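Asker: Residue-level listing of the chains:
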Amino acid sequence: MSRRNLVRRVGFTLVEAIASMAVLAVIAGASVSVTWSAVRGFTDGAETLRLQSQGSVAVERLTRELRAIPLDEAGTPDIQEIRADGATWAGGDRAVRLESGTLVYTRGGVDAVLCTDVTTFRLQAYDSVDTALGETLAGAECDAVRRIGIELALRSGEASTSLRTRVFVRAMALEEAP
Amino acid sequence: MHRPAFTLTETVAAMVILGVAMPAMLTALTAAHHDRVAPVLASQARWLAVEQLETVIADRSSPRLGWEHIHAASYPPEPSVPGMAAFAREVSITETGPDLQTAGEGYKTVIVTVRWSDRGRERALELATILTELPS
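Those protein sequences? They're chains A and B, same order as listed. Sequential numbering from 1 applies to the first sequence in my numbering. Sequential numbering from 1001 applies to the second sequence in my numbering.
The hints are simulated quantities; they were obtained by calculation from the structure and are not laboratory data. Note that this is a predicted model, so its numbers are computed, not measured. Glycine included, C-beta positions come from ideal geometry on N, C-alpha and C. Possibly wrong hints are sitting among the right ones.
With the Cβ distance kept under 10 Å, some of the chain A side facing chain B (calculated, not the full set) [to be verified]: (1) T136; (2) A138; (3) I150.
Derived CB-CB ranges, DEER-like [claimed, not checked]: (4) A:R97 with B:L1100: 40 to 50 Å; (5) A:E81 with B:Y1107: 31 to 41 Å; (6) A:V34 with B:P1079: 45 to 55 Å; (7) B:V1016 with A:G101: 47 to 57 Å; (8) A:A173 with B:T1102: 25 to 35 Å; (9) A:A173 with B:A1024: 50 to 60 Å; (10) B:T1102 with A:R97: 48 to 58 Å; (11) B:R1119 with A:V32: 18 to 28 Å.
Which stretches of chain B does chain A cover? Using the computed rule of at least three CB atoms under 8 Å from a CB of chain A, they are [claimed, not checked]: (12) 1005-1019; (13) 1022-1032; (14) 1095-1105.
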């Protein structure tokens, strides 16, 4: 066995190594955008799920509160004000409002955060035959309110979601014909 | 003197295996992403069903609409819910006797169905309530 054979190394030649790297670069380049898209979609999906869960809990709480709006002495819903982005009821004891992307519920002067990351919060009042009332109602204008529509949209980064529902003020369930 | 090292054949084989495995992994990742989004659509559908159910309940209690207004023709199907175009919604109303089975009067079973498509599969969610005639 010659000395040349004794020191022969088994492995890549420079040409083979460069060819391997070239092939690898092509494969990596093609898969990077697909991988990035899949990973991004996965993380956005997780964030969307978080937003939806948070929004759903907030709307659940809000619908329960609005359904339970009591009657005032005149036998109409005890609502002081309904605006597009908030409402006050129960003699001013309870309220909901959107404040810098945070939905805040107030009871007895104590604030509680219903949810954050809010981009849209909209209330729309309707009368007993489902006719939309004005965007802003105050005082006696609120007497006609029977139903309240709720729209909530949330966004965090690229993730977003929205919810929409409606509430019937249960205290008016036994309302008599005029 | 032999140094352990990959041959070109081994390297290419490894790349081929990776090339086969990567799409499968990415497909699994994408499927997982869709599975995460599916509950979001179901939640939105649930609130749309509640919206319609509340409307029916409010109509029943309305002095100007009332019990007689509660029939399927008052709530035409919505192939595309306004503002939430990915969803379709319909209402079915069946009037029965007190056992909720046999034909009769005084009890109306209201079922709101919201439908949507999820990766080509049709999904549906139903919410139901039973309305009774208000005491006169």
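Asker: For every hint, state whether the structure bears it out.
Answerer: The hints, checked one at a time:
{"no.": "1", "hint": "T136", "in the structure": "21 Å, violated"}
{"no.": "2", "hint": "A138", "in the structure": "22 Å, violated"}
{"no.": "3", "hint": "I150", "in the structure": "9 Å, holds"}
{"no.": "4", "hint": "A:R97 with B:L1100: 40 to 50 Å", "in the structure": "42 Å, holds"}
{"no.": "5", "hint": "A:E81 with B:Y1107: 31 to 41 Å", "in the structure": "39 Å, holds"}
{"no.": "6", "hint": "A:V34 with B:P1079: 45 to 55 Å", "in the structure": "35 Å, violated"}
{"no.": "7", "hint": "B:V1016 with A:G101: 47 to 57 Å", "in the structure": "50 Å, holds"}
{"no.": "8", "hint": "A:A173 with B:T1102: 25 to 35 Å", "in the structure": "27 Å, holds"}
{"no.": "9", "hint": "A:A173 with B:A1024: 50 to 60 Å", "in the structure": "57 Å, holds"}
{"no.": "10", "hint": "B:T1102 with A:R97: 48 to 58 Å", "in the structure": "50 Å, holds"}
{"no.": "11", "hint": "B:R1119 with A:V32: 18 to 28 Å", "in the structure": "25 Å, holds"}
{"no.": "12", "hint": "1005-1019", "in the structure": "holds (count 9)"}
{"no.": "13", "hint": "1022-1032", "in the structure": "holds (count 5)"}
{"no.": "14", "hint": "1095-1105", "in the structure": "violated (count 0)"}
The structure fails to meet hints 1, 2, 6 and 14 from the earlier list, while all remaining hints are met.
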